[in-house]
Amino acid sequence: MLALQLLCNGIVTGCALGVVAISFSFVYTTTKIFHVAHAGVYTLGGYIAWWLVKRGVPFVGAVALAVVVCVAMGALIQSQLYAQLERRRETHLVVLIASLGTLAVMQNVIAAVFTPNILRFDLPWASQVVHLGGNVRLTWAQMLTVVVSLAAFAGLLWFAHRTLLGKRIRAVASNPFLAEITRLEPRTAHLYVMMVASAVVCLPGVMVPLDFGLQPYNGVTPLLTATIAMIAGGVGSITGAFVMAVVIAELQNLSLLFIPGEWSIGITFFIFVIFMLFRPTGLFAAGR
Amino acid sequence: MPARQARLDPVPTLRKFGANEKGNVMIRVGHLALAMVAVAITFASQVRAETIRLGAILPLTGPGALIGTAQMRGLQFAAEAVNAKGGIRGNQIELIFEDNQAKPDQSVIIFNKLVDLQHLPMIFTAYSGPTLAMAPLATRKKVLMVNGGAQADKLATASPYLINTLPTIGDEVKVLAKYLAKKQLTRGAILFENSAAGIAGRDDYVKFYPESGGTVLAQEPTQFGQTDFRPALLKIADAKPQVMMVSITAGLLQMAQQYKQLGNDFVVAGTTFFADAELIADPASEGFVHTQVRIDAPPELAAAFKAKYGADMDFFARQYYNAMQIVMTTIDKTLADGKPITGENLRETLFAIRSFKGLIPLEFKTNTASVQLDINVMKGGKDVTVEQMTSD
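Chains A and B supply the protein sequences, listed in that same order. All residue numbers for the first sequence refer to numbering that gives the first Met the number 0, where the first residue is 0 and numbers rise by one. All residue numbers for the second sequence refer to numbering that gives the first Met the number 0, where the first residue is 0 and numbers rise by one.
Treat the hints as calculated values from the structure; they're not laboratory data. As the structure is a prediction and not an experimental result, all values here were calculated from the model. Each hint should be verified, as a subset may be incorrect.
Derived lysine-lysine pairs resembling DSSO-like cross-links, with alpha carbons at most 27 Å apart [as the list claims (entries may be wrong)]: (1) Lys-305(B) <-> Lys-53(A); (2) Lys-177(B) <-> Lys-364(B); (3) Lys-381(B) <-> Lys-53(A).
Let the hints inform the model, and build the full structure from the sequences given.
Written out as structure tokens, the structure is:
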């Protein structure tokens, strides 16, 4: 029973992390920007949805409006920060520092506006328990996290491979110089990428706090794990990032069967280091 | 034309220095000195009558902010009440609040700023990690620190300048372990936070629970500020304990809800850390047992607090209100004894007074107060006292 429950919990956590990983990967692959402020957009989405729900907006409407706000925030960061730095031909390090600064500002503004306390969605249905087979229990919030995450994963794959804009973005990611001379307008493509990634990351940004509550500084840990998932999955592979996020979450959960909890994260990342020694390009590198 | 002569005289002062002139000058110098002394006394008394500045290094943002804000309000409320009545012997109290986010490194930087730059003689603190980090500095710089919220055992001996108005976790765990043994809850597991307070609680459970006849079957850690307790709760449930002893300081409500969602039926036990209004009110905490330092606020005081802040005067607000009263009583006695307000004098006076009657009668036999402890059970959204004991 314990193993099964841990397995299910790992899937829930992994799916949410997977969406953070694929959205981060989408930005990094196309723009080559280590978009740390993505954690701020993730956090912002949850707070906007919480604020709207508190004012009586139905949950679905609150999520939709939160996505709109996150898209606007992503566009703002890209157009007013990254694009400006790119125009000045600043180094990757400068862009990274600017992104870190943006994250710090967002976290502090959120803490100032919404208080730094742990806030909960006042939605009793979210914490109601669903009894699955084998004595496994999940809350509706967890179930919704899995469904929404899988939908977001499938949606991003479809967007990247089946739509004209998606193909244009992949072309820009593949060869920015060629994209520039063939009038694919990389800068506009970067703006679209940031908007799409911000919309996608907003979903786990709302679903995870639905279960665990909101805290202004909680976006960094998922982003760190998601970054590792992206690298382990192979930079450029959306599927790789998602699968590796689930694998990491499962390793962290299932390792509890054999080792004490305090060693869980350390052992998991030790396995990751060993893995990277033997396959440094990532698991799905060939499938870019 | 003596005046003219005097003006023309190249060495007038030498010539004028007869006995009378000397006397006049001496009188003038004397007057001047007296005037200067008078001005100095007036100035000094004005300074003393203006403000006594005290510091408070609390977590006002971050996961500990809910408790830190309550602590800040408790201090503010007590200080404002005294200031409204004219202060302590005419001296107004000014509190300087600083946010440490419950981080030890941040606390040390703020401590140095308040002591070295602003020369504060006394600082209120909270949370074990930050308080332990500042304790050696308090000893070295002879600054009185008053802790009304942290409970790690090491706090009892961390510094002669650190005063704890709460018993240590060890004192509470001893009482709790005896109660659990009496209730035949002898198979236990521990959920603890990887922080100074959490680890101290874990160590105390491991030490005192077996002494009372219990057996520790499992221990699971969590991180400070973490809100996903499911993996740890599942692991603990797998050990099939009768009671889970908890030593975490943040995310208690999330822990309770996840405990319920997983369908657990073991008893959950804790210490004063469970004094969380949201936790007590939530149905998920039904049946939780905990020790509790008894500290009640008179209804009119609680009503005035609620009118001012729009929030109940919870445990930590009451605790820091009481701590402020202890400090103000100490300041009053120090001034009455004609001593300047320094950390050294405040400490000496506090131990000279020894017994305080505020919201709660307490005595400082050591640096850590002896107080009355209740055993409470959460029932129907309220904390119900089922037994009473003392911390020592």
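Going through the hints against the structure:
This hinted pair checks out: Lys-305(B) and Lys-53(A) have alpha carbons roughly 23 Å apart, not beyond 27 Å. Restraint check: the Cα-Cα separation between Lys-177(B) and Lys-364(B) comes to about 24 Å, which is no more than 27 Å; the hinted pair holds. For a cut-off of 27 Å, the pair hint linking Lys-381(B) to Lys-53(A) stands: about 25 Å separates their Cα positions.
Comparing the model with each numbered hint stated earlier shows that all of them hold.
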